[in-house]
Amino acid sequence: MNILTFDIEEWFHILDNTSTRTEAEWSRYETRIYQNMDQIFQLLDETNSRATFFCLGWVADKHPDVIRRIDAAGYEIATHSYAHQLAYEQTPAEFQADLERSIKHLQDLTGKKVRAYRAPGFSIKAYNRWVFPILIENGIEIDCSVFSARRSHGGDASLGMFEPGYLDVNGTLLKEFPINTAAVFGQDLIFSGGGYFRLFPYPLIKRLTNRSKYVMTYFHPRDFDADQPMIPGLSRVRQFKSYYGLRGCWPKLKHLLQEFPFIDLAEADQQVDWQNVARKVVEL
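In terms of UniProt numbering, the sequence shown opens at residue 1 and continues consecutively.
Take these hints with a grain of salt, some might be off.
As the list claims (entries may be wrong) - Pair ranges (Cβ atoms, derived): (1) T172 / D45: 13 to 23 Å; (2) W274 / P133: 34 to 44 Å; (3) N48 / Q271: 15 to 25 Å.
Unchecked claim - Cut-off 30 Å, straight-line C-alpha distance, at most; resulting in silico cross-link-like pairs (DSSO-like, lysine-lysine): (4) K213 / K280; (5) K241 / K125; (6) K254 / K241; (7) K125 / K213; (8) K213 / K241; (9) K113 / K62; (10) K62 / K112; (11) K252 / K280; (12) K113 / K125; (13) K104 / K62; (14) K254 / K206; (15) K241 / K62; (16) K213 / K254.
To be clear, the hints were calculated from the coordinates, so they are not data collected in a lab.
None of these values were measured; they are calculated from a predicted model.
In this text, a Cβ means the ideal position worked out from N, Cα and C, and glycines have one as well.
I would like the entire structure built from these sequences, with the hints used as guidance.
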């Protein structure tokens, strides 16, 4: 099962960076989402692919025509929060307000229920699992935030989830589609999205995809924008992570979609045998 998803945000939505931290800073930057979305739509048309779009409520607020275009094309819309803040830096009340705001903007534009959520930066760790009951309270049925490996902005290896299953949250079941990993020389690698996809050569990505029973991708409009300006204040390491491989990302993903079948989250939900998946009790 290979699932294609995009996190719809602007090119300047770089996490944990002073010059791009909040909405107050974002007004300083040019809008590039329209041209970057054009590339995504072109790619999906050329490869006849379906995808799920995890959209910021902020994008729905500032650029509603982007959301309307996604919906009009028949693609599934999910939420990626409103203001693209790290969940573990928010209080439960702040997280809930942000989530409610995002869901409202998206549902008001499309008239369709928002069923799925992905945290910015996969920012759910062992100490902020209080996110899960808030998701359930707000009608979220599917979460795609679990990242069972170490990473700079999140990751909860203790959950140990690498394929679809249930999170048992105080007796209520939440469907989880986590990020997958692949073992290479004894190390668990993430290869299916973001900077990892841009960094690895295509033959390696193809080989790891070919041997994986489950792949959850995650791409951003900025991943295909080789001409975007440099964000000020980034360290050399962050510059590398954010800008390396931009020019080659589009052709690599096009090759991948031409060589492997991919589906959206809604179809994946239908294909999973939920009666026989693993259940992980979430300790809050």
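Any hints from earlier that this structure breaks? Give me their numbers in increasing order, please. As far as the earlier hints go, 1, 2 and 11 are violated by this structure, in ascending order.
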